[in-house]
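Use the sequences and the hints to build the structure in full.
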Amino acid sequence: MSTTETDHHQNDVVMAPSGDQQAREESTMEFAMKMFDIVKAGFVCMAMSVGSRAGLFEAMGRLEGPATCQEIADAAGMRVRYVREWVGAMATSGVIDVVDMEKETFFLPRHRIPVLLSHFRRSVTPFCQLADCFAQATGEVVKCFAKDGPTGVPYSAYSTLQDVMYLVRRSHHEDTLVDHFIPTITGLKEKLESGIHVIDLGCGRAAPSLILASRFPNSTFYGIDLDAKAMAAATKEAAAEDLTNTYFEAHDAAKLPADWSSKFDYVTAFDAIHDVAFPEDALQQVRRILKPGGLFSLVEIKGNSKISDNIGNPFGPVMYSTSLLHCVPVSMHFKGRGLGTIWGKQSVCTMLQEAGLRILGVMDVPEVPEECHYLCQK
Numbered sequence: 001m002s003t004t005e006t007d008h009h010q011n012d013v014v015m016a017p018s019g020d021q022q023a024r025e026e027s028t029m030e031f032a033m034k035m036f037d038i039v040k041a042g043f044v045c046m047a048m049s050v051g052s053r054a055g056l057f058e059a060m061g062r063l064e065g066p067a068t069c070q071e072i073a074d075a076a077g078m079r080v081r082y083v084r085e086w087v088g089a090m091a092t093s094g095v096i097d098v099v100d101m102e103k104e105t106f107f108l109p110r111h112r113i114p115v116l117l118s119h120f121r122r123s124v125t126p127f128c129q130l131a132d133c134f135a136q137a138t139g140e141v142v143k144c145f146a147k148d149g150p151t152g153v154p155y156s157a158y159s160t161l162q163d164v165m166y167l168v169r170r171s172h173h174e175d176t177l178v179d180h181f182i183p184t185i186t187g188l189k190e191k192l193e194s195g196i197h198v199i200d201l202g203c204g205r206a207a208p209s210l211i212l213a214s215r216f217p218n219s220t221f222y223g224i225d226l227d228a229k230a231m232a233a234a235t236k237e238a239a240a241e242d243l244t245n246t247y248f249e250a251h252d253a254a255k256l257p258a259d260w261s262s263k264f265d266y267v268t269a270f271d272a273i274h275d276v277a278f279p280e281d282a283l284q285q286v287r288r289i290l291k292p293g294g295l296f297s298l299v300e301i302k303g304n305s306k307i308s309d310n311i312g313n314p315f316g317p318v319m320y321s322t323s324l325l326h327c328v329p330v331s332m333h334f335k336g337r338g339l340g341t342i343w344g345k346q347s348v349c350t351m352l353q354e355a356g357l358r359i360l361g362v363m364d365v366p367e368v369p370e371e372c373h374y375l376c377q378k
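For the sequence shown, counting from 1, position 147 maps to 147 in the numbering used here; every step adds exactly one.
A couple of the hints might just be wrong.
The list that follows gives simulated cross-link-like pairs (lysine-lysine, DSS-like), each with its CA atoms no further than 27 Å apart [as the list claims (entries may be wrong)]: (1) Lys191 / Lys263; (2) Lys291 / Lys143; (3) Lys189 / Lys291; (4) Lys236 / Lys255; (5) Lys103 / Lys255; (6) Lys255 / Lys291.
Keep in mind that the hints were calculated from the coordinates and are not lab data.
Model, not experiment: these values are computed from the prediction.
Printed below as a string of structure tokens:
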């Protein structure tokens, strides 16, 4: 393309479709810069994932003042050449501060530590690692678009998923589950204290069950997941925490053991049902294993069933991308429904009612603005 042609296209103006309530003029260059910001954020996200996994944010958090790349590398026990490039990515993107331009010293301000260290609830770095995990499978996802390609992607393509999700869930649930979420359900805390049977569906490495089992020793907690390795990891963690009231087994949520009918007082599913290949069957199983009057907490991403109704949802870009890269492919791998992360309130309520579950309320999840809690009863 010639310089003249380039200049011409940079000044092109694209009109929004007529009827668009937010119709405005947008130049090609404006759109290009907007897209570049997205690309830039993607690259920085990968660098943040590397720093989190390597322990560099933790190392900087321990430093009492500004430090050179060599001092940061020494504190972390790492090679300075790699540390320097990581520091460059973090400093130029504003994640860490440059303190002295001449000496090239850098600092991680104290108020940013809870956002960057993975064990804090408000940390974004586990999500950077999650994006990194999804990136491993993009080649397989691309193949699924072809009509003669594979229907989906197996869980095995996401080798670090369970470990990363454990980071996400553990830090989140430790601060919110017992003190904020449980109290929204009238009488549940008292029942947990006296002793009931609870099961978490699609629990991964079972962060919620481990937390609840520790706080409510009189209750018994089960967790099921398709991933046998995750169940083994959860069992090992329970033993390390000296918990004797947990049981973790590998099962399909749509095909639970026959002798579990009317076994549980309380069933939970945290961001899991949308991944299940046959969610209608899973919800039927929920009704079967609940005792009469038992409760079911379904927690899913807040949103609407129509894409157009989610325009302006600040979590939409992340959730639809997550759905594209993981949730739909793993469900479709089993030739399932492929509900997707944002299957939407309308679809959720319809499916719950068709499963014979009575919806007691649809409420926000405390401290988690992107999620919605559907409280149901058998």
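Quickly compare the C-alpha distance for Lys236 and Lys255 to 27 Å and report which way the hint goes.
-> 25 Å, holds
Starting from Lys191, check that the Cα of Lys263 is at most 27 Å away, please.
-> Roughly 15 Å separates the two Cα atoms, so the pair holds.
Hinted pair Lys291 and Lys143, Cα distance within 27 Å = Distance of about 44 Å is beyond 27 Å: violated.
Is Lys103 within 27 Å of Lys255, Cα to Cα?
-> 63 Å, violated
Is Lys255 close enough to Lys291, meaning Cα to Cα at most 27 Å?
-> 18 Å, holds
Pair hint Lys189 and Lys291, alpha-carbon separation not exceeding 27 Å | Holds, at roughly 18 Å.
Consistency with the previously given hints fails for numbers 2 and 5, ordered from lowest to highest.
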